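There are 2 protein chains.
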Amino acid sequence: MILNNLKTITKVDKGLLLRHISGFAEQCQSAVDIAKACPNFSKPKKVQNIVILGMGASAIVGDLLKTLFINESPVPIIVNRNYDLPQFVNEKSLVFAVSYSGDTEETLTAFKEVLKRKSKVVAITSGGRLAFLANRQKVPIVKIPSGIPPRAAMGYLFFPMIVFLQKWNIIENQTLNILDTINAIQKLEEKYNSKKSTPGNRAKELAAKLHKKIPLIIGIENSTDVVALRWKCQLNENSKNLAFTQFYPELGHNEIEGWKGIGKFSKNLIALFLRRSDESEDSIHRIDVLKTFLKNHVSEIIDVKEQGSSGLTQIFSLCHLGDYVSFYLSVLNKVDPTPVS
Amino acid sequence: MILNNLKTITKVDKGLLLRHISGFAEQCQSAVDIAKACPNFSKPKKVQNIVILGMGASAIVGDLLKTLFINESPVPIIVNRNYDLPQFVNEKSLVFAVSYSGDTEETLTAFKEVLKRKSKVVAITSGGRLAFLANRQKVPIVKIPSGIPPRAAMGYLFFPMIVFLQKWNIIENQTLNILDTINAIQKLEEKYNSKKSTPGNRAKELAAKLHKKIPLIIGIENSTDVVALRWKCQLNENSKNLAFTQFYPELGHNEIEGWKGIGKFSKNLIALFLRRSDESEDSIHRIDVLKTFLKNHVSEIIDVKEQGSSGLTQIFSLCHLGDYVSFYLSVLNKVDPTPVS
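These protein sequence lines map, in sequence, to chains G and P. The numbering used here runs 34 ahead of the 1-based position in the first sequence. The numbering used here runs 34 ahead of the 1-based position in the second sequence.
Pulled out of the complex, with its shape left as it was, chain G reads as follows:
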């Protein structure tokens, strides 16, 4: 099997993406350390909403934050993927302006507007115009290392937000969850790394299944939905592979009807359910019913589940698997995963 040939992997991976994926646990730890070492920015007062400005991988970290804390955050968390800014963003908003390069147009435009509205802002970036403007306006910056493809910098982009939110007592202390997450990713590294052969390497096995198919990544609303989006984007950008997302329980309400007319397309599609180990009995039963229906309409249905004692661990473990799958699929598709136009 091609994925067990390390020379082939090295040959395809001209931009050296693999080293960022395999160093993900270290990246997460480093992100926490960088954020903790930032000066003690004053705590924002009377926060009424948390807004994350970002696009692509930088928006997904906002989605991750929202998903993980929707049930405990005292205020709404909103991800803004646009040039414009909702009217309710004002001096009582806490804003994270996230752009890896610092030059994302949409984020810069919205960032300038946020400054006018006197929101409390933290910029998370490796440099660019965002760092320049933030410096000039004395906006706190979390400066992360440059030279990485933005989508391989998810740890750097995500963890600083957690550090600030817990420092300001907006969310509970996450120290133990962060530790558990980093440990879990380190363990997964032993399972998914390129030297570990198929069969037995789940990431390589999944990539082989998705090869020459259109995967439909099915996430659970407010749980693994954002992971589904991350998988889709990684399959798009790293593997240059088309992929779509669907969300449960909404999927059961209407989208499912579309599958009935799938006809000749069905052999091209593969459904992949992103599961959590802490789902309710009720939810498990409903998903089983959905799968029974779907199995006549797609070439295969696959469950992907990760263990972990916290939501943070489970979500990040699933993301890490997706990163590896997308990398191995790029090898099978014979495209260097790093460059994007």
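Simulated from the structure, these hints should not be mistaken for lab results. Any given hint could be a false lead.
To be verified - Using 25 Å as the maximum straight-line C-alpha spacing, the simulated DSS-like pairs for lysine-lysine come out as follows:
| id | chain 1 | residue 1 | chain 2 | residue 2 |
| --- | --- | --- | --- | --- |
| 1 | P | Lys-294 | G | Lys-301 |
| 2 | P | Lys-172 | P | Lys-150 |
| 3 | P | Lys-246 | G | Lys-368 |
| 4 | P | Lys-80 | G | Lys-79 |
| 5 | G | Lys-298 | P | Lys-368 |
| 6 | G | Lys-298 | P | Lys-294 |
| 7 | P | Lys-146 | P | Lys-77 |
| 8 | P | Lys-45 | P | Lys-294 |
| 9 | P | Lys-294 | P | Lys-247 |
| 10 | P | Lys-126 | G | Lys-79 |
| 11 | G | Lys-247 | P | Lys-298 |
| 12 | P | Lys-298 | G | Lys-152 |
| 13 | G | Lys-230 | G | Lys-243 |
| 14 | P | Lys-298 | P | Lys-246 |
To be verified - To spell it out: a stretch of chain G is covered by chain P in this simulated footprint if at least three of its residues, at any positions, have a beta carbon under 8 Å from a beta carbon of chain P; those stretches are:
| id | segment |
| --- | --- |
| 15 | 82-93 |
| 16 | 245-259 |
| 17 | 262-271 |
| 18 | 283-295 |
| 19 | 364-374 |
What you are looking at is a predicted structure, and each value in this text was computed from that prediction instead of being measured. Built from N, CA and C at the ideal position, the CB exists for glycine as well.
On the provided structure of chain G, position chain P as indicated by the hints.
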């Protein structure tokens, strides 16, 4: 052409869906009248967020509200498609519990939780457990007519929210926009109705183009994104046709890479851009660049645009066209559009 044969249309449309689509302008007017005739519920005080509970078509009206008023609403608008409720929903939340049947499990579960948290609630329903519980708890109900497939009741589900929000001065008076919208839909009725033949009937022409394809409905973030979702659901439920959504500008940031690996699938896909007549020059230029790239990867690219003097008019006109297209596609797919399992 089969779509010009009225007998064939009647034969497929056993559940008489067409009469609901063709009566959409009247439905919108009737919804406004019903909501205005409701008793004067006391104005909620210090609203900090607006939450819409709903699934399927009932959630989409929440998305529509959010999209149309995101730039003027003084507070965040959140659509909750789940059993659970975010922590920030409390006595300062204004909640619309929307369920056409009144028996949607997710909405009922979240509704009971909302009552515990003492939010200000309005129920929009034709009956069921939601009406029963709301009556027992003295929650205001907007009672809409029963006996319609929920997805054909979008006017009934949407307009009451507008009426209440303007009554309570949370949004500006929408009387003129509503009038303009209803007039526009009436005019479109003359263009899209079943007696109006192809060529010349845009709805029939589009249905013919989408036949035996997987349409990728591309919406613009915070603008036509929700229309894209509505089109997708209508194509799924009415036409039993698979469809996917993509969103611009996010599409340009990463998803586009996936198209490069599309290979043999490309002949099955058709990209449909939902446009507004009030887009900026800048946005038009960027979409053109995106289309130039996409045209090598799909069988066809189609622009769909509706005129109208307000966002409300443009969005509802586009939705109405989608309803007609999905209906005609059901005829081409030879499936009764009404029943869903």
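Need the list of violated hint numbers for this structure, in ascending order. Per hint list: 3, 8, 12 violated.
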